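Colleague: So the chains spell out like this:
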Amino acid sequence: MSALRIAVDRDACCGSGNCVMTVPQVFDQDEELGLVVLLDPEPPAERHAAVRQAAHICPAGAIDLTES
Amino acid sequence: MMRHSKMLQGGPTLTTTEATPKSFPPPPPAGPRPNPAPEAAIERVLLPTGTQAWLVTRHDDVRQLLRSPDFSADFTAPGFPVLRRVPPPDPKRSAGLFIRMDAPDHTFFRRMLTSEFMIKNMRTLEPLIRQTVVGALDSLTAAGQPADLVEHFALPVPSMVICHLLGVPYADHAFFQNRSRTLLAWSTPPEEAQAAADDLRAYLERLIDVKVAEPGDDLVSRLATERLATGEITRDELVGLSLLLLIAGHETTANMIGLSALVLLQHPEQLRELRDDPALIDDTVEELLRYLTIVRQGLPRVAVRDTVVGDHEIKAGEGVIALLSAANFDAEVFAAAEEFDLHRGSHSHVAFGFGVHQCLGQPLARSELRIALAELTQRLPDLALAVDPSEVEYRDAVIYGVRRLPVTW
Ligand code: HEM
Ligand code: SF4
Chain B
1 MSALRIAVDR DACCGSGNCV MTVPQVFDQD EELGLVVLLD PEPPAERHAA
51 VRQAAHICPA GAIDLTES
Chain A
1001 MMRHSKMLQG GPTLTTTEAT PKSFPPPPPA GPRPNPAPEA AIERVLLPTG
1051 TQAWLVTRHD DVRQLLRSPD FSADFTAPGF PVLRRVPPPD PKRSAGLFIR
1101 MDAPDHTFFR RMLTSEFMIK NMRTLEPLIR QTVVGALDSL TAAGQPADLV
1151 EHFALPVPSM VICHLLGVPY ADHAFFQNRS RTLLAWSTPP EEAQAAADDL
1201 RAYLERLIDV KVAEPGDDLV SRLATERLAT GEITRDELVG LSLLLLIAGH
1251 ETTANMIGLS ALVLLQHPEQ LRELRDDPAL IDDTVEELLR YLTIVRQGLP
1301 RVAVRDTVVG DHEIKAGEGV IALLSAANFD AEVFAAAEEF DLHRGSHSHV
1351 AFGFGVHQCL GQPLARSELR IALAELTQRL PDLALAVDPS EVEYRDAVIY
1401 GVRRLPVTW
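Heads up: the sequence lines are chains B and A, in that order. Numbers 1 to 68, taken from the numbering used here, label the letters of the first sequence in order. Numbers 1001 to 1409, taken from the numbering used here, label the letters of the second sequence in order.
Isolated chain A (complex conformation) (with noise of 0.2 angstroms):
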């Protein structure tokens, strides 16, 4: 750590004869808990694309970190940590995608969509995602035994979920899920990731058309009549937050289900016991949101001055990455990290990241997650793995998951 430190004085382009720093990400976990959070708290690391960060582990340092001004989320800003290749910036290519803004442009989007998603609006859309996650469900049990739980329950629930809010078509579902799928895994080389993404938008774009002539009682309708047509945003804009959306939208709450399923199954006498007691749910989907965080590679940032993180110097223009898992097993927070406990009180967690860029869907996520899992463990009380947990799949993707969960009922 101290060599390193020193290391940095000599500004923000390092080039080393010492010792090559560890390489991230590390290579996945072969379960469904992240792989073991380092020992530094803070450490440089090497990324696939050849640069190099700082890898920020501890859990007040993460949220320190997320929240300050010091720190961009604009991946265009100079020495932005990126984890693969990608094509240069494309100012067409990313309109819209907030995510990847700093305020004002960030503000601006985040604030046209905040009250679309706050908890009061998920409340009235409730019996919506009831309805799904029983039908769901019915089809599940219709498939005959084993079937596969990703398949006929953790994936349509969600996608059918954001199709009707945004408006989307869900008989469209196997083209975007194969799309989306595909963009975000890490095996994809660049230039076919950026064609799966330029096949989303043009969907989408066809799709702003249908709504721009028919608006409907939907998301993209009402932002294509009350933002579009008034020039507020452009088309590529509206392309982009839609595309934003539908993929946040299905991919995250879907890889949540499967790997929850799995772990509760994992663990037989707290699955009994949020079965007996279903007023158990909320804390059990927030302990499954910190002990699966499913944003594995934590989130990249850049310095935007020269700052300081814990007591770690960073000079401007240096890389960092927010390790997200690693924060959330931090042991000065959550005493015995690596056992799954759903009684611990985990709300601190931030496996829905922290800052101005904290999700913007967590109220939707957390409304399905409730919902799927209750149902799923007051209607099939008998569910168990039809296979060796040794044999369970995982999804080697930007969003982590299993492939498939093979069960019976």
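Here chain B stands alone, though its shape is the one from the complex (with noise of 0.2 angstroms):
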């Protein structure tokens, strides 16, 4: 089973809700500034494809993944 590491960076987000919109489940937004939060940095495998997924579409660049 290969791993999926994510890391994101809230300095860099511009809280487009991509991510939320694509896997609900990994990212959300906080309440205050709309920036991504991260629920689940090891996601099991099925949501591996969405996470990539939201990671390419990341307008910001601000998802980091490490596959293993």
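The set of hints was computed from the structure by calculation and includes no laboratory data. Please read these numbers as outputs of a predicted model, since none were measured by experiment. Hints are not guaranteed to be accurate.
Computed footprint of chain B on chain A; a stretch qualifies when at least three of its residues, placed anywhere within it, have a C-beta under 8 angstroms from a C-beta of chain B [unchecked claim]:
hint, stretch
1, 1183-1194
2, 1350-1358
Only pairs whose alpha carbons sit at most 25 angstroms apart, straight line, appear in this in silico DMTMM-like list of lysine to aspartate or glutamate [said to hold, decoys possible]:
hint, chain 1, residue 1, chain 2, residue 2
3, A, LYS1120, B, ASP30
4, A, LYS1120, B, GLU67
5, A, LYS1092, A, ASP1236
6, A, LYS1092, A, GLU1226
7, A, LYS1022, A, ASP1396
8, A, LYS1120, A, GLU1226
9, A, LYS1120, B, ASP64
10, A, LYS1315, A, ASP1070
11, A, LYS1120, B, GLU31
12, A, LYS1022, A, GLU1226
13, A, LYS1315, A, ASP1283
14, A, LYS1120, B, ASP9
15, A, LYS1022, A, ASP1148
16, A, LYS1120, A, GLU1269
17, A, LYS1120, B, GLU32
18, A, LYS1120, B, GLU42
19, A, LYS1120, A, ASP1283
20, A, LYS1315, A, GLU1191
21, A, LYS1120, B, ASP28
22, A, LYS1120, B, ASP40
Residues on chain A that point at chain B, a partial pick, calculated with CB under 10 angstroms [unchecked claim]:
hint, residue
23, LEU1066
24, ARG1067
25, HIS1106
26, ASP1282
27, GLN1362
28, PRO1363
29, ARG1404
C-beta: ideal position from N, C-alpha, C; glycine also.
With the hints in hand, could you dock these two chains into one complex?
Modeller: The following block contains the structure:
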């Protein structure tokens, strides 16, 4: 089983919400600034495809993935 | 291409005796779809203001460029490519217009508004959007057949919703719709466009006075009490923020709804599929955003240092235009891109732009489009165009759209 580790950069995030739209189980936005909040840094395999898509469409390049 | 690259090494002010570059933008197409994407990945174009810019057309390059800190969105930066002559920059008139600012100013304003428009808050707004949509459909059907879908449905829905959010009285819609139309039409002379913007600013200044005196449960009131009263932002900045949201909030979605209805009517099999399986609405909306890319003239930026896009050198001070409509029809990313196909999985489209300026209102736009198109297709199953498609008139404006869409049901 391959593992996928996510890191998010709130300073880079522009609050587009694309990640939240794509995988709400993994990403959220905080109430005050609307910036990304990581709910699950190592999501199960069935979410990997969606997480990769979220990272790809993040306009700010704020989602970093490490596959192992 | 090669020839242009060599010319560039001479420096950013390119006085050339070689063939003049193509003019941009080209004449508008005669249908809902954008003009075919230019063949070159990057080429020099001549803008109506007489200046030149690099037109960037590939999906990868457009994404890279819009995300790169080597490019500025600040229209006062030297070399910024402008498509129409504008009066000299004036701090009062550009205050708060963060769409044309860079970090840290852009970040400051954007963060002030981000949570207001995020998905969670749009979910709580959805009952109101649905009620607005159903009300507009009732007024459309009450108007008698044929009726104009733009006047009765596409325009009032997003106008009412943004008025509700901002706290702008919808009763004033004829005024602000008229001024924003004037402002956005290519054919409007610069002085007239400025006068239209000034009218809107004066109107919003009066509105802000009202909100300061009697705050309501709306965005302008919150900004007035939490940011203006605390000295975090100035009055001119609050006017600018409100102006940007009011215009962006109704013109864009209105044009998308009108064009989307037309495209769905032109693809009856997919329309039937959507009607039979309402869960397809999310994919349908993404494909419509891609296929229509209503911000047709692309996004202007200027290089602030020497840099590279794709494998192409761009010098500091040179203007570039990220042509979203070409990126969204890039065959490397979207197979058979010129076909409308709601099953293609269009999520990587750039219709909302890319980088830190990517549309702030996209969760709102998506909610409005999903609800408007779902209710339209469910409640009016016999919806049909009342004119020949060749008679549909398009709006030659900064945001593409149909002027009128006569329909029967
Ligand atoms: C389908 C409808 C819409 C489309 C296609 C659209 C498209 C875009 C695009 C392409 C940009 C990027 C501009 C740039 O980078 O230079 C943008 C920015 C923006 N849009 Fe939208 N938009 C839509 C709806 C809305 C709505 C409903 C709002 C309402 C609030 C809105 C508010 C904004 C704002 C404030 C910005 C500036 C963001 C920034 O600079 O950080 N838009 N939009
Ligand atoms: S997609 Fe990127 S920019 Fe948008 S909210 Fe998520 S992390 Fe932030």
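Colleague: If a hint holds in the structure, say so; if it doesn't, say that too.
Modeller: Structure-based check of all given hints:
{"no.": "1", "hint": "1183-1194", "result": "violated (count 0)"}
{"no.": "2", "hint": "1350-1358", "result": "holds (count 7)"}
{"no.": "3", "hint": "A/LYS1120 x B/ASP30", "result": "holds (10 angstroms)"}
{"no.": "4", "hint": "A/LYS1120 x B/GLU67", "result": "violated (30 angstroms)"}
{"no.": "5", "hint": "A/LYS1092 x A/ASP1236", "result": "holds (6 angstroms)"}
{"no.": "6", "hint": "A/LYS1092 x A/GLU1226", "result": "holds (21 angstroms)"}
{"no.": "7", "hint": "A/LYS1022 x A/ASP1396", "result": "holds (19 angstroms)"}
{"no.": "8", "hint": "A/LYS1120 x A/GLU1226", "result": "holds (21 angstroms)"}
{"no.": "9", "hint": "A/LYS1120 x B/ASP64", "result": "holds (24 angstroms)"}
{"no.": "10", "hint": "A/LYS1315 x A/ASP1070", "result": "holds (10 angstroms)"}
{"no.": "11", "hint": "A/LYS1120 x B/GLU31", "result": "holds (9 angstroms)"}
{"no.": "12", "hint": "A/LYS1022 x A/GLU1226", "result": "violated (49 angstroms)"}
{"no.": "13", "hint": "A/LYS1315 x A/ASP1283", "result": "violated (39 angstroms)"}
{"no.": "14", "hint": "A/LYS1120 x B/ASP9", "result": "holds (20 angstroms)"}
{"no.": "15", "hint": "A/LYS1022 x A/ASP1148", "result": "violated (37 angstroms)"}
{"no.": "16", "hint": "A/LYS1120 x A/GLU1269", "result": "violated (33 angstroms)"}
{"no.": "17", "hint": "A/LYS1120 x B/GLU32", "result": "holds (12 angstroms)"}
{"no.": "18", "hint": "A/LYS1120 x B/GLU42", "result": "holds (23 angstroms)"}
{"no.": "19", "hint": "A/LYS1120 x A/ASP1283", "result": "holds (20 angstroms)"}
{"no.": "20", "hint": "A/LYS1315 x A/GLU1191", "result": "violated (32 angstroms)"}
{"no.": "21", "hint": "A/LYS1120 x B/ASP28", "result": "holds (9 angstroms)"}
{"no.": "22", "hint": "A/LYS1120 x B/ASP40", "result": "holds (18 angstroms)"}
{"no.": "23", "hint": "LEU1066", "result": "holds (8 angstroms)"}
{"no.": "24", "hint": "ARG1067", "result": "holds (6 angstroms)"}
{"no.": "25", "hint": "HIS1106", "result": "holds (9 angstroms)"}
{"no.": "26", "hint": "ASP1282", "result": "holds (9 angstroms)"}
{"no.": "27", "hint": "GLN1362", "result": "holds (7 angstroms)"}
{"no.": "28", "hint": "PRO1363", "result": "holds (5 angstroms)"}
{"no.": "29", "hint": "ARG1404", "result": "violated (33 angstroms)"}
Hints 1, 4, 12, 13, 15, 16, 20, 29 from the earlier list are contradicted by this structure; the remaining hints agree with it.
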